[in-house]
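Engineer: Respectively, the protein sequence lines represent chains F and X. Going by this note's numbering, the first residue of the first sequence is number 1, and it counts up by one from there. Going by this note's numbering, the first residue of the second sequence is number 1, and it counts up by one from there.
Since the hints were derived computationally from the structure, they do not count as laboratory data. Note that the structure is a prediction, hence the values are computed from the model and not measured. Possibly wrong hints are sitting among the right ones.
Stated by the list, open to error - Footprint (simulated), chain F over chain X, 3 or more residues, beta carbon under 8 Å:
1. 133-147
2. 184-198
Stated by the list, open to error - Below 25 Å or equal to it, Euclidean Cα-Cα: the simulated DSS-like pairs (lysine-lysine) are:
3. X/K205 to X/K240
4. X/K206 to X/K216
5. F/K21 to F/K165
6. X/K198 to X/K165
7. X/K205 to X/K216
8. X/K30 to F/K94
9. X/K200 to X/K220
10. X/K198 to X/K254
11. X/K33 to X/K87
12. F/K94 to X/K27
13. X/K254 to X/K240
14. X/K216 to F/K94
15. F/K165 to X/K33
16. F/K34 to X/K216
17. X/K165 to X/K200
18. X/K240 to X/K221
19. X/K87 to X/K118
20. X/K198 to F/K165
21. F/K165 to X/K172
22. X/K216 to X/K200
23. X/K221 to X/K254
Just so it is clear, CB atoms sit at the ideal spot from N, CA and C, and this is done for glycine as well.
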Amino acid sequence: MTYSILLLISAALVNNIVLTKFLGICSFLGVSRKLETAIGMSFSVAAVIMISSVISWIVYYAVLIPFDIMYLQTIVFVFVIAAVVQLLEMFLEKYVPELYSSLGIFLPLITTNCIILGVAIINIKDGYNFINMVVFSFGTSLGYAIAIIIFSGLREFINQSVISKNFRGIPIAFITAGILSLAFMGFSGMVKL
Amino acid sequence: MMTAIIIFGLIGLVIGIILTFGSSIFKVDKDEKYVAILEALPGVNCGACGFAGCAGLAQSITIGNSTFSGCSVMSDDDREEAADRFKISSGEVATTSAVLLCNGGVNCLDSFEYDGVKDCQVIADTFGNTKACSYGCIGEGTCMRACPFDVISMGKDGLPHIDEKNCVSCYKCVVACPLGLIQIQDISKGVTVVCSSKDKGAATKKVCSAGCIGCKICEKKCGDDAIHVNDYLSSVDRDKCTDCQLCVEPCPSKVIFKNTANR
C-alpha cells in the first residue's frame, strides 16, 4: 500500500514524464497554447494511457510470455495503442463531438505520442504487478496533466507580455519549459522507491 | 518464428474485428447535405473564407449562415452551379485581390550587396532592408512562396507580380510579407497609391525614382476630397473616390495606378 502511494507521487511529481523524463514533448508544446485544449488533451491522453497500458500489460503477460515472443513487445504495443486511439476517436465523435472537434488533428496524433508507448514499456521493464501498473499509469497521466496545464497557463500569460521579437512564440516556450523542468527537478530525492 | 507470425496475425485479427464492431456501434450519421456541400467546395483549406478550412464553411452553409460567395477560390460558374444545386442564393462576391504597395524594385537603390539567405523575413529580421528605402519591397519572393495558388511570380523588375484575376484574397501573402507591403483591396474601382514610403519627399526621391514624394498634386487635382497626403505619403479614401482618375496622370513619380478588375 505504502509502495503504491509512493509510486503515485513518484510518477506524478518526482519522475514527471514530461519534465524530467522528456517524453511527449511534441504534444506538450503543440497543444499547450490554450488552457482549454490543454485540459481536453490531458483527459484524452489519460484515457488512452490507462486503457492501452492495461491492455498491453495483459497482452504481454497472457500472450507474449507464454509463447516466448517477448521481442515482439514494441510492435504489438504500438498496434494496441493505435487500435485504442481509433476506438476512442470513434467514441468521442459519437458522444462528445465538442471535444472531438476542439482536439482535431491531435487526437489521432496521440497514437504517436511517446508517453503512451513509454508507459506501456516502463510497466513491463520495472515488472509492476497489475495494481501497481494501474497506479503508475494513473500517476503518469496525472503528471502529464499537471505539466501541460501549468505550462499552458504560463504560455497564455507570456502571450500577453512584452517579449523581444526574436524570442516570441516557440523559443520562449522552450525556455519556459526548461525553467519549469528545473523547478520539477527540485522534487528529486523526495521519494525513494 | 512461426509462432510469432501466427500470434501477431491473430492479435491483428482480433483488433480488426473489435474495430469493425466499434465503427458500426459508434457510427455517426452525418448530414448528407453537409457532405455534398463539402464536396462542392474546392477543398484547398486556404482559410480565405475566415473559417479554419473548407469543413467550417460547409458547416456554415449547411445551417444557412453563409453562402458560396464566402469562398473566393471557386470560379463564378462553379459558384452559380453549386448554389443552383443546393437551391440557395449565390450571394454577392467582391472583386478583391492582393495588391503590392511598392513600385520600387529596380527603381530603388540598394543600400548594400546582400549574399545571404534569399528570404525577405530573414533580411527584415537581420539587416532591416537591403533596399535604400526602408519601406521598399525586398524582392526575395517570400510572398511568392507563401502563395498556395501560384498567382504571385517574381518579375525582372525585382518585384512580385500578382495575377489579380486569379488571386483569391486568402491573406497568406499579407501575413508573409515582413514589411506589410501587401494588402487586400477592392480592385473593381478607384485608384491605388503604389508606395508605402513615409520618408520625406527629398529622402524618397534620393533613393527611389518610383516613390511618392508627398507633393500634394493629387490632392489638388482631386475634386472629391478623396486623396490626401499624410506623413509624406498619399492615401485614397475609398468611400469618397468616384473613379474619375484625375489624379493618375499628373502624378510626377507615377505611383497612382488605376484599379481594374483585370489589370
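Engineer: A separate judgement is required for each hint: does it hold in the structure or not?
Structural biologist: Outcome of the hint check:
Against chain F, the stretch 133-147 of chain X contributes 0 residues with a C-beta closer than 8 Å to a partner C-beta. That does not satisfy the three-residue criterion, and the hint is violated. Restraint check on the stretch 184-198 of chain X versus chain F: 0 residues with Cβ-Cβ distances below 8 Å, three needed, restraint violated. Between X/K205 and X/K240 the alpha-carbon distance is near 29 Å, which puts this suggested pair outside the 25 Å criterion. Pair hint X/K206 plus X/K216 holds up; C-alpha atoms about 18 Å apart against a cutoff of 25 Å.
For the proposed pair F/K21 and F/K165, the alpha carbon gap of about 30 Å is over 25 Å, so the pair is violated. About 30 Å separates the Cα atoms of X/K198 and X/K165, which puts this hinted pair outside 25 Å; it is violated. Of the supplied pair hints, the one linking X/K205 and X/K216 holds, its CA atoms being roughly 15 Å apart against a limit of 25 Å. In summary, the hint linking X/K30 to F/K94 is supported, as the alpha carbons are separated by about 11 Å, within the 25 Å threshold.
Taking the CA atoms of X/K200 and X/K220, the gap is near 19 Å; set against the 25 Å cutoff, the hint holds. Between X/K198 and X/K254, the direct Cα distance comes to roughly 17 Å. Compliance with the 25 Å bound is thereby established for this hinted pair. A distance of roughly 11 Å separates the Cα atoms of X/K33 and X/K87; the hinted pair therefore holds under the 25 Å criterion. Between the alpha carbons of F/K94 and X/K27 the distance comes to roughly 7 Å, so the proposed pair stays at or under 25 Å and holds.
At roughly 21 Å between alpha-carbon atoms, X/K254 and X/K240 fall within 25 Å of each other, so this suggested pair holds. As the CA atoms of X/K216 and F/K94 are separated by approximately 64 Å, the hinted pair breaks the 25 Å bound. Our distance criterion of 25 Å between C-alpha atoms is broken by F/K165 and X/K33, whose separation comes to about 46 Å. A distance of roughly 49 Å separates the Cα atoms of F/K34 and X/K216; the hinted pair therefore is violated under the 25 Å criterion.
Distance check on the hinted pair: X/K165 and X/K200 sit about 34 Å apart at the alpha-carbon level, beyond 25 Å; violated. Distance check on the hinted pair: X/K240 and X/K221 sit about 14 Å apart at the alpha-carbon level, within 25 Å; holds. Under the criterion of a C-alpha separation no larger than 25 Å, the hint pairing X/K87 with X/K118 is inconsistent with the structure, at around 49 Å. Straight-line distance between C-alpha atoms of X/K198 and F/K165 comes to about 23 Å, which keeps the hinted pair within the 25 Å bound.
At most 25 Å may separate the alpha-carbon atoms for a hinted pair to count; F/K165 and X/K172 meet this at roughly 21 Å. Among the hinted pairs, X/K216 with X/K200 is consistent with the structure: their alpha-carbon atoms are about 13 Å apart, no more than 25 Å. Note on X/K221 and X/K254: the hinted pairing holds, with a Cα-Cα distance of about 14 Å set against a maximum of 25 Å.
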